[in-house]
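Model the full structure from these sequences, guided by the hints.
Chains as they are written, first to last, in my numbering: chain A, 1 to 103; chain B, 104 to 247.
The hints are simulated quantities; they were obtained by calculation from the structure and are not laboratory data. Treat the hints with care, as some may be off.
Label-pair restraints from in silico Cβ distances [to be verified]:
(1) A:Val-43 to B:Glu-220: 33 to 41 Å
(2) B:Gln-181 to A:Met-19: 49 to 57 Å
(3) A:Trp-16 to B:Gln-181: 47 to 55 Å
Yeah, the Cβ is synthetic: ideal placement off N, Cα and C, and Gly gets one too.
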Amino acid sequence: MVKRLSVYDDYETTKWVIMKQRSWIKRRDRVWQRYWYKTRVKVTVEESGRYEFYGRGRDLSRAVRLAHHYMPKGYVEVEARDFIENPEEYGVQGEWIWREVES
Amino acid sequence: MKWNHNSILGFTDDETVMLDFDETPFKTVKYWSQVAMTHFGLGGFLILKSSENHYHVVFNRRVDWAENMSVVAWVSLQSNNQGMLRYLRMQCIKKSSTLRIGPKGEKPSPRIVYREEKEDAQIKEYLETRKFLKKQGDALRAQI
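Here you go:
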């Protein structure tokens, strides 16, 4: 029997982002001139995502375990078997965030 | 049910009528569940307590997606429940209904507090999935 499960919440992951970094250059007229250059920096970001798995029991069970390590890239609706075969296509490595909730 | 994941696990289906009552006392939840069951002929229902004054309702009869949303919209309008209206919007965006099965933060898994009439169709399926997830929780706990 095909079942459907959702795995969702906020998570933390690392991402490469382009940032501007300030630097100085000494001109020929001996004046220090400030300039900005773009650089890639690895930062930890907090995002939220959701897996919508469908499939048979054994596949779902393995998919749920894999979802512990691979965080969803936004809203991901995928067959459990496809996710098991290629988790990197649908998720990124990270950690689910534990937080207290009101509702 | 305890769960080592920090993520939340939910049961998703588009053929099962599921309601989410936030900030509503049990008596009101039971009343609207009975009214909806009679009005739409839903066969039976199950009430689960998610936390204090937060309840989930699962109905027994299999319906199509249009009828499912019609029931949820009708109950949310009749009961004037703003929380359920928000739930309805979210389910419409996803095109399927989801109710939490696993724990959420410090809150435990929803537990059954009331049953009425039949449980042979969608409720049975819901309970099977719930049981399946409990097994998964045990397996994960053993693994980690």
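Against the structure, the hints:
Judged by the Cβ atoms, the range 33 to 41 Å given for Val-43 (chain A) and Glu-220 (chain B) is violated: they are separated by roughly 54 Å. The hinted range of 49 to 57 Å is satisfied by Gln-181 (chain B) and Met-19 (chain A), whose Cβ atoms lie roughly 53 Å apart. Distance hint check for Trp-16 (chain A) and Gln-181 (chain B): the Cβ-Cβ separation is about 51 Å, which falls inside the suggested range of 47 to 55 Å.
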